[in-house]
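Number of protein chains: 2
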Amino acid sequence: MMRRIYFHRDSKRGAIGTHDWLLEEIGELREALKEESKKALEDEFADALAWLASLANVKHVDLDKAALTKYDSKCPKCGQSPCRCTF
Amino acid sequence: MMRRIYFHRDSKRGAIGTHDWLLEEIGELREALKEESKKALEDEFADALAWLASLANVKHVDLDKAALTKYDSKCPKCGQSPCRCTF
Chain S
0 MMRRIYFHRD SKRGAIGTHD WLLEEIGELR EALKEESKKA LEDEFADALA WLASLANVKH
60 VDLDKAALTK YDSKCPKCGQ SPCRCTF
Chain Y
0 MMRRIYFHRD SKRGAIGTHD WLLEEIGELR EALKEESKKA LEDEFADALA WLASLANVKH
60 VDLDKAALTK YDSKCPKCGQ SPCRCTF
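As they're listed, the protein sequences go chains S and Y. Counting in numbering that gives the first Met the number 0, the final residue of the first sequence is number 86, and the numbers go up one at a time with none missing. Counting in numbering that gives the first Met the number 0, the final residue of the second sequence is number 86, and the numbers go up one at a time with none missing.
Hints in this document: simulated from the structure, not taken from any laboratory. Where hints are given, some of them may not hold.
If several chains are the same, the list does not tell them apart, and a pair holds so long as it fits within one copy or across any two.
Stated by the list, open to error - Under the rule of at most 25 Å between Cα atoms (straight-line distance), these lysine to aspartate or glutamate pairs were calculated in the DMTMM-like manner:
| # | residue 1 | residue 2 |
| --- | --- | --- |
| 1 | Lys-64 | Glu-34 |
| 2 | Lys-38 | Glu-27 |
| 3 | Lys-73 | Asp-42 |
| 4 | Lys-58 | Glu-27 |
| 5 | Lys-73 | Glu-35 |
Quantities reported herein were computed from a predicted structural model and do not represent experimental measurements.
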């Protein structure tokens, strides 16, 4: 969906510029954690995911596939679900 | 899936601590943009999405629903797909 809506912009801006925007949204998300408004928080999560997807598109990475390959229903470090890592 | 694997840890750590980890992954993602290895880049995208989902779980936000509510098949600012915003 993000590709349909924004790829023409994202690809022109490139990866570093798109990561700049992602970083900005991650910062806004941190501020929103302190707010009382659930809607404001949901908006910031939406933006964070949107920009992460935009960046994945610019780098031709399938975000879903990458996540499900690494986190294949268990912790990639200890192999368990729930995770039983000891640090 | 992230809830099943990690919620017991994420909820104890809390939102700010989880956001700290998310921020670290976003930084690693930026470094990975410069690397040649596609696999390394895919891993960092996986981690970024995983930590964003972890944070959403800690805050009881449905990440999918938040994104699809805001980006309902069109740009939330101009209402078009592809986006036709002029800045």
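Okay, the hints, checked on the actual structure:
1. Lys-64 <-> Glu-34: Between copies only: 20 Å across, 33 Å inside.
2. Lys-38 <-> Glu-27: Only inside one copy: Lys-38 and Glu-27 sit 14 Å apart there, 29 Å across copies, limit 25 Å.
3. Lys-73 <-> Asp-42: The answer is between: 15 Å across copies meets 25 Å, while 29 Å in one copy does not.
4. Lys-58 <-> Glu-27: Result: close both inside a copy and across copies, 24 Å intra and 15 Å inter.
5. Lys-73 <-> Glu-35: neither (33 Å within a copy, 28 Å between copies)
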